[in-house]
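Colleague: Listed below are the residues making up each chain.
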Amino acid sequence: MTTLLLTVLIGFAGGLAIGASITAFFVVLGVTTRIIQWSNKKEYLLLYQISIVLGALLSCLSYFYDLTVKYLDFLTIPLGLIFGIFIGTIVAALTETLDIISIAVNKIGMKKWLYVIVMTIIFGKIAGSLLFFLIPGFF
Amino acid sequence: MGNQVYFQFKPYYRKKSGEKAYLGDFIELTAEEELRKRIEQIPVFPFGISNPVRLTSVQVIGLINQQVSNISIVPIGESSALYEPVQQQKENPILIFIRAAFSVLLLFFGSALAIMYFHSDVNMIKAHQMIYYLISGKKVSKPLLFSISYSLGIGVGIFMFFEVYSKMKNKANPGPLELEMHQSEKELRDYLRDQEGKKQP
Chain A
1 MTTLLLTVLI GFAGGLAIGA SITAFFVVLG VTTRIIQWSN KKEYLLLYQI SIVLGALLSC
61 LSYFYDLTVK YLDFLTIPLG LIFGIFIGTI VAALTETLDI ISIAVNKIGM KKWLYVIVMT
121 IIFGKIAGSL LFFLIPGFF
Chain B
1 MGNQVYFQFK PYYRKKSGEK AYLGDFIELT AEEELRKRIE QIPVFPFGIS NPVRLTSVQV
61 IGLINQQVSN ISIVPIGESS ALYEPVQQQK ENPILIFIRA AFSVLLLFFG SALAIMYFHS
121 DVNMIKAHQM IYYLISGKKV SKPLLFSISY SLGIGVGIFM FFEVYSKMKN KANPGPLELE
181 MHQSEKELRD YLRDQEGKKQ P
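Chains A and B are the protein sequences, given in the same order. Per our numbering, the first sequence starts with residue 1, numbered consecutively. Per our numbering, the second sequence starts with residue 1, numbered consecutively.
One should not assume that every hint holds.
To be verified - Sample of chain A residues facing chain B (criterion: CB under 7 Å; computed from the structure): (1) A13; (2) L45; (3) Y48; (4) K70; (5) L72; (6) T76; (7) G84; (8) L98; (9) S102; (10) G124; (11) S129.
Unchecked claim - Some chain B residues well away from chain A (every beta-carbon gap over 10 Å; in silico): (12) D25; (13) V44; (14) I49; (15) V53; (16) G137.
Derived by calculation from the structure, the hints in this document are not laboratory data. For each residue, glycine too, the CB sits at the ideal point set by N, CA and C.
So here's chain B without its partners, still in its complex pose (with noise of 0.2 Å):
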């Protein structure tokens, strides 16, 4: 047996849809250069990708093996991988900005609305003459002073919890919001994945 070849799957495909895809495009792999050049030179899908593809490993080794000969071919790591082309077309800005502007306005009043609810929900007002009373003495029916600085504090807490201010120093740091996008994204591409193996008998 000649020399042991090992791969892994590449987590992202980076050609549009009908860039002629080979090999190297989706595998990385250890072998001697020459050998590498070789393999990720072997052509996969001569005319590109337009819609999502699943590659398996036994896919890939049949590939290899029916170019190279000789060789061991290990994978390493999922045993299958779902690609997809990289999205080319512009977008009309007049309709991202309708989009943005509507998702803004209805996110504002949505989350004014939901704190409303909130408040008269659990008689916040009676907790604030409460707590007001504890420290002051005093029975007031509208403790203003308090309940408006406890709303700004509440925006303070939504900016702390989303650690904005750790985005405006280091953009490249991920607050709790990013993780939680490529969380939701990576079941969506391993549910695509999935599903697209159920079809292949």
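Pulled out of the complex, with its shape left as it was, chain A reads as follows (with noise of 0.2 Å):
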């Protein structure tokens, strides 16, 4: 009984600290605010956090139980896209965290060239990711 209690309380203390901690490195890089900015509809704010509260929820049981829906593979590509997406608006509000390129663009003195070097970043991103995947023996 008392194993039982143990485990469960730890259990859950730890997925307490590792959800607000999560949630915290959303919200301060602020890729959250900027979604549902892209949204306009401030009034959903509910629904996003109940979304943001689903969505871990779901992967946890993916994760631990060997869940499986089955036969949704024409998902596949749009998931892939959206997964894709979140993860470089978390790459890029990094970047603009750290002040990276701006103080980068500042010292070398080429404001004008601003967006070329975001496009920049951005095909490296995706050349880097390409070649982790495809290139065997990269993991």
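With the hints as a guide, dock the two chains, each given alone in a separate frame, to form the complex.
Modeller: As structure tokens, then:
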């Protein structure tokens, strides 16, 4: 009985810490705020929060319990794009928060080339990601 | 007491180094037309400025009082400002090209390497296998279709975050990057202004 209680307690505490920290990570980086801005509908804030929680729960279920819904292969490409967009926003938010581009551009004195640099980063990310997944031996 | 004159510092100085600088280059003020012209024509630096200079409200009030008496002068806003001459040297286009090419190469390969690091750090391939299993029920060691569309999605995500599309529509619209750069420039100016203030007794 004690073991059971202790297990539940420790598991719950760990989940609490991880959940809170991952949400704080997204919020501080401004990823969620930016995505909500794109939707232009702040009234549905509760809906967005619920969807974040549900997404996290779903991923936990599939991670720990071999969950599958089967025969939804047609979702592969759109789902991949959505995951990629989210990771892309996180990556961009990280570069922005760390001031990498603004400092670099100010130092080299190339303000006019700002968007060339952004496009370069975009293509670099795509190339790196494709290389990682396509070339055998990377993982 | 005569009429009141309000003034505030202009945010930027628009003359090159060596051009004669008048008070009107540094401040805007409210006064009657005639008085305003007279105050704006007060020379401050007859030989122009070559280094960044700091002006304080007290200095401006002193300068105006030397020329015009019987008015009360009221500063608005910041009590001091830093001005630097407009840079005028033309840069070598080859040098610019080399610098641009170098930064482009650095950023391209740097971001490619960084995303690979990230993927192996968070074991992204495992996550992809898991997601593919979730939707299709097949255990595949390399869900290529998913991975490729995910990779393209990363590009779209960065594109959307930096609002490149709004930049294409309207050039004047500042994206988050421009705001960030403006912020860091402003901080630099404030720092220089305050340092210049420390030097003066």
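Colleague: Tell me, which hint numbers fail for this structure?
Modeller: 1, 2, 3, 8 and 16
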